[in-house]
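Chemist: Sequence:
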Amino acid sequence: MNNIQKISGIYRLYLSDKNGKEWSYIGASKNIYNRFTIHKMMIRKMLKNKDNLLVESLRSYTVPAHGASYYKIAIFMIDNDKKITDLKMEILEEKEYQKIEDIEPTEIKYIEKYNSEWEGFNGPHAKQFKYIRLLTEAKYQYNKILFDQYLKLNEDKLKDQKLSINAFFSDPKKIEQVKKSLKKGQLKHFKIYQEKIATIENILKNEYSRQFKTIEKNLRTGTNPFPTIWFNWKNLDAYFEKNFEVYKNYCDQIIEKKIKEYN
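The opening position of the sequence shown corresponds to residue 91 in my numbering, with each subsequent residue numbered one higher.
Source of the hints: derived by calculation from the structure; they are not laboratory data.
Be a bit skeptical, because a hint or two may be false.
[Said to hold, decoys possible] Each computed PhoX-like pair below joins lysine-lysine, with the alpha-carbon atoms no more than 25 Å apart: (1) 278 to 229; (2) 242 to 264; (3) 140 to 111; (4) 96 to 172; (5) 281 to 269; (6) 140 to 172; (7) 111 to 130; (8) 120 to 199; (9) 185 to 263; (10) 242 to 278; (11) 234 to 286; (12) 203 to 178; (13) 229 to 203; (14) 189 to 120; (15) 135 to 120; (16) 178 to 108; (17) 199 to 234; (18) 234 to 203; (19) 185 to 130; (20) 286 to 264; (21) 295 to 199; (22) 270 to 234; (23) 286 to 229; (24) 234 to 273; (25) 263 to 96; (26) 189 to 203; (27) 172 to 185; (28) 229 to 185; (29) 111 to 173; (30) 274 to 229; (31) 140 to 189; (32) 274 to 295.
Taking the hints into account, I'd like the entire structure generated from these sequences.
Modeler: Have a look at this one:
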């Protein structure tokens, strides 16, 4: 492995299920071949402890945030009688980059191409979390404009140790007063972040709710949505909370089957 050329860019891991359909994981690395070696090492560790992996993951309807893809790949291998030697890797695009943000748009492009959030091992919902990060940043900048302006108008509050952003944003009347006092330059930036927030929230609400409803329909008709169930639905948003019982009931059926198989 040391003699293999160091290649930076986007790669794909993939496995075929029992019907021959390929399931993918899309990743980015500054040393793709070294990353592939690490991936295989981590999955081997999962497979050595497969009984605990299956029962504990399914029982809690979740996989850890760290290493989620390894869990999903390992469970997929067990379900489809695959071995580490069946895991394939291909380089999709060679590309040098400094920060992950520089290559993320390219990675997302391939995630969409191979549908690897819904029929693969990325995520859970890689694009969704990208938008959530952007939404968090937009809301932070939006709130910062308001809060900085509030402090300019109320210099005495700078010395008040009890002053908190949470307290400020819990008072709608105070917020409206500060909005009205924004100057032209501040107002321009404020409106930009307002529009950005509205756009991202619209994407999350419409694009992802449609996909969630498709999963719900599959569950009700007995179609296996694997591997989109391998994380904690309930902690994401109101839509998941509303429909959590549907996913929970489906997971319960899988748990009963797996416990019988591995006990």
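Chemist: Taking the numbered hints from earlier one at a time, note which ones the structure violates and give those numbers from smallest to largest.
Modeler: 4, 9, 13, 17, 18, 25, 27, 28, 31 and 32
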